[in-house]
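Asker: Letter by letter, the chains look like this.
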Amino acid sequence: MNRSATNGSAVAALDRFADVVNSLGEARWTLPAREAARDHVMNKGLPTPRDEAWRFANIRSLDPNAFTTPTAVQLDRGRVDELAPRELHAHQLVFVDGRFQPELSASAAVLAPAIVGSLRQAWQDHRELVEPYFDRILNYHDNAYAALNTSLVEDGLFVYVPRGVVLDRPLHAMFIGGASGETMSLPRILVVMEESSQATLLEDYVGWGEHRYFTNAVTEVQLRANANLRHVRWSHESEGAFHLGSLACRQDRDSHYAAHSFAVRGGLTRNDAVAELAGTGAECQLSGLVVAGENQLVDNHTEIRHLVSHTNSQQHYRYILDGRARGVFAGMVHVAPDAQKIDAQQNNENLLLSDGATMNTIPQLEIYADDVKCSHGATLGQLDSAQLFYMRSRGIDEKTARNLLTYAFASEIMEAVPVLAARAAIASMVFDQLPLDALETDLVREGVGHA
Amino acid sequence: MTMLKIEGLHASVAGNEILKGVDLTVNAGEIHAIMGPNGSGKSTLAHVLCGRDGYEVTQGSVTYLDEDILEMSPEDRACRGIFLGFQYPVEIPGVSNTYFLKAALNALRTYRGEEELDAVDFLGLVKAKAKLLQLDNDLLSRGVNVGFSGGEKKRNEIFQMAVLEPRLAVLDETDSGLDIDALKVVANGVNKLRAPDRSTIIVTHYQRLLDYIVPDFVHVLQDGRIVKSGDKNLAHELEAKGYSWVATAGNS
Ligand SMILES: Nc1ncnc2c1ncn2[C@@H]1O[C@H](COP(=O)(O)OP(=O)(O)OP(=O)(O)O)[C@@H](O)[C@H]1O
Ligand SMILES: [Mg+2]
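First to last, the sequence lines map onto chains A and B.
Heads up, this note's numbering is the position in the first sequence plus 33, with the first residue counted as 1.
Heads up, this note's numbering is the position in the second sequence plus 5, with the first residue counted as 1.
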């Protein structure tokens, strides 16, 4: 009988649990966390469309049993470099199907005193730095896919930035998926930023071939007091690939977290982001751009938890949907009792380019304090006819005018990306996805946005 | 040579007939001023000439350089040399003024079979015209009209016109709200383009503009028709006596 995975016992991937555990060696201390996560998956099963949080995600088409375990493959360095954005001047860290590739990555020595490299290595060599955070930041209660990652994860990226250290260059973590067929990979990132440290992390998911693979990624971030992390995350998976990304960030006082997320290509994309503002003065900004067409589905769930007073958050998500694409934005803002003087803003603007495209926006506010400034807004629309006419009256043809306006809508989110070369790479992905043909090179070179 | 010939033009917006039989002939080299009370159809006429969606022509014809243009798209009309200076210029965040203008200029050049201007030549042209209109370089790199003052928006319209060099410019209240210094700058921009093979239609409420841009003809548009035409002295008369006088004295 070929049944899909609606309850835990049917999750074939868990058959590997014993093998994974046996290979842990000195990382065996992670076992209790893995067992608890495995039990969660077994007891609760994977989400179905009947689960509220997964209502729109059409995960019926995602059957984890249809994917195999990645096997080690050697990728050609030249082709890997071609996948990276030009002139990034970043410390490159390459993962193939979730496995760290030291020979394709920056050497650990260059990055000292920061510790940057394989998570598997860190489980063994830096248990004291990893144990307080691994599986302690992300709560997988209604996200069994994240639990599946925790139970079976074998490697990933570990970033530790000591107190007061400022990384000179961005870290570019490139996760290459689908390199060994129709596999499920389990990328895992743990970032620990000590007091007053500062870094920029570029998290880049890219497809190798045209396989229907499944990226099931988990990112945990801990920001100690006054730490500052700029985090750019983009997925440019192969067509028909599945991408689930679960992110959790816990912030101590006066820390600053800015995350920019871009979902530009792939079949089904679901990103969960949770930011926990646990110290006064902590601030977080989440922004996102979705460009989807055909039958693509992109679902962003965000949750900002204001646990204490004087914490601020801003969210700004834009979607451009064409064809029969479907977008979901579910943004939750939670303000704990007695968390006063909160400023929380949430904005979701959507552009529908076709009649077949649909958008679901679900803002949720849970506010248990009274001195709170909370705003949320959502707009849904087509291109502005007055703007179109203005451009056409100057000689710009209708198609180009439409494309320019569409690109302009996207550009505001892209302009916030801190690293220029990353911004250019993302812009060119957006171009590929929008039908901008003739103008393309011109626009990338000069930028349409404000100088 | 006849630049523009409008005959018996009727047009409706949202089912309401606004233009009720407009006749107007503009020869090459001429400047025509159109005046008239609020809501008389001046902007409607300008939009119909430029092909805006939602303005339905029910009767009559518009011929520009011997071609019927009513079936043409706005961009085709622009490529043939028609320019509209908007009464209310539109803001386009995310598209820089410079980029916008370059896309427009190159569209026109491509239509005319000319080569696209390269970055250096374009920049030189833009700098010169911006100076003519006393437009800050800072405004050029901003989004189109974004955060511009009312006066800056109007100057930006004439700046675009100066770069695009149309054969027929229709300027809809480009003088409204300008202080006298800005008015002189705008008038200077229009006069610089004056040539035997170009024509201009200026829609205005104020005779003052016509001291700086001297029209060959002045027309009064009232309730969707041109009810009186004359030379520049008509503008003085209108200023002194108002429009009700025209209605009673009507000559058409
Ligand atoms: N989109 C529209 N829908 C309905 N009526 C419209 C629309 N646009 C214009 N009108 C009407 O058409 C009439 C003429 O408007 P128009 O803007 O052409 O006047 P105008 O002469 O330019 O006035 P003003 O001097 O105030 O600029 C007005 O009664 C106006 O309300
Ligand atoms: Mg008007």
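Bear in mind the hints are in silico, worked out from the structure with no lab data behind them.
Small disclaimer: the values here were computed from a predicted structure and weren't measured.
The reader is advised that the hints may include incorrect statements.
Mimicking DSSO-like on lysine-lysine, the simulated pairs with C-alpha atoms at most 30 angstroms apart in a straight line are [as the list claims (entries may be wrong)]: (1) Lys406/A <-> Lys132/B; (2) Lys132/B <-> Lys197/B; (3) Lys197/B <-> Lys432/A.
FRET-style restraints, in silico, Cβ to Cβ [claimed, not checked]: (4) Ala419/A <-> Gly235/B: 31 to 37 angstroms; (5) Thr412/A <-> Gly235/B: 24 to 30 angstroms; (6) Glu327/A <-> Leu128/B: 36 to 42 angstroms; (7) Ile395/A <-> Glu61/B: 38 to 44 angstroms; (8) Asp126/B <-> Glu327/A: 39 to 45 angstroms; (9) Thr30/B <-> Pro396/A: 55 to 61 angstroms; (10) Glu161/A <-> Gly152/B: 48 to 54 angstroms; (11) Ala99/A <-> Glu120/B: 31 to 37 angstroms; (12) His409/A <-> Tyr217/B: 16 to 22 angstroms; (13) His174/A <-> Glu61/B: 57 to 63 angstroms; (14) Glu120/B <-> Val199/A: 44 to 50 angstroms.
The beta carbon of each residue, even a glycine, is placed where N, CA and C say it ideally should be.
Asker: If a hint holds in the structure, say so; if it doesn't, say that too.
Answerer: Going through the hints against the structure:
1. Distance restraint check for Lys406/A and Lys132/B: the Cα-Cα separation of roughly 45 angstroms exceeds the 30 angstroms cut-off, and the hinted pair is therefore not satisfied.
2. Pair hint Lys132/B plus Lys197/B holds up; C-alpha atoms about 16 angstroms apart against a cutoff of 30 angstroms.
3. This hinted pair does not check out: Lys197/B and Lys432/A have alpha carbons roughly 33 angstroms apart, beyond 30 angstroms.
4. For Ala419/A paired with Gly235/B, a C-beta distance near 34 angstroms keeps the hint of 31 to 37 angstroms intact.
5. Checking the proposed 24 to 30 angstroms range against Thr412/A and Gly235/B shows it is violated: the Cβ atoms sit about 50 angstroms from each other.
6. Remark: the range hint 36 to 42 angstroms for Glu327/A to Leu128/B is upheld by a beta-carbon distance near 40 angstroms.
7. Checked against the hint of 38 to 44 angstroms, the C-beta distance between Ile395/A and Glu61/B comes to roughly 41 angstroms, which is consistent with it.
8. With their beta carbons about 41 angstroms apart, Asp126/B and Glu327/A fall inside the hinted range of 39 to 45 angstroms.
9. A C-beta distance of roughly 58 angstroms is found between Thr30/B and Pro396/A, which places it inside the suggested range of 55 to 61 angstroms.
10. For the hinted restraint 48 to 54 angstroms between Glu161/A and Gly152/B, the CB-CB distance of approximately 53 angstroms keeps it satisfied.
11. In this structure, Ala99/A and Glu120/B break the distance hint of 31 to 37 angstroms, their C-beta atoms being roughly 55 angstroms apart.
12. Distance hint check for His409/A and Tyr217/B: the Cβ-Cβ separation is about 51 angstroms, which falls outside the suggested range of 16 to 22 angstroms.
13. The hinted window of 57 to 63 angstroms between His174/A and Glu61/B holds, with their beta carbons roughly 59 angstroms apart.
14. Checked against the hint of 44 to 50 angstroms, the C-beta distance between Glu120/B and Val199/A comes to roughly 49 angstroms, which is consistent with it.
Consistency note: the structure conflicts with the earlier hints numbered 1, 3, 5, 11, 12.
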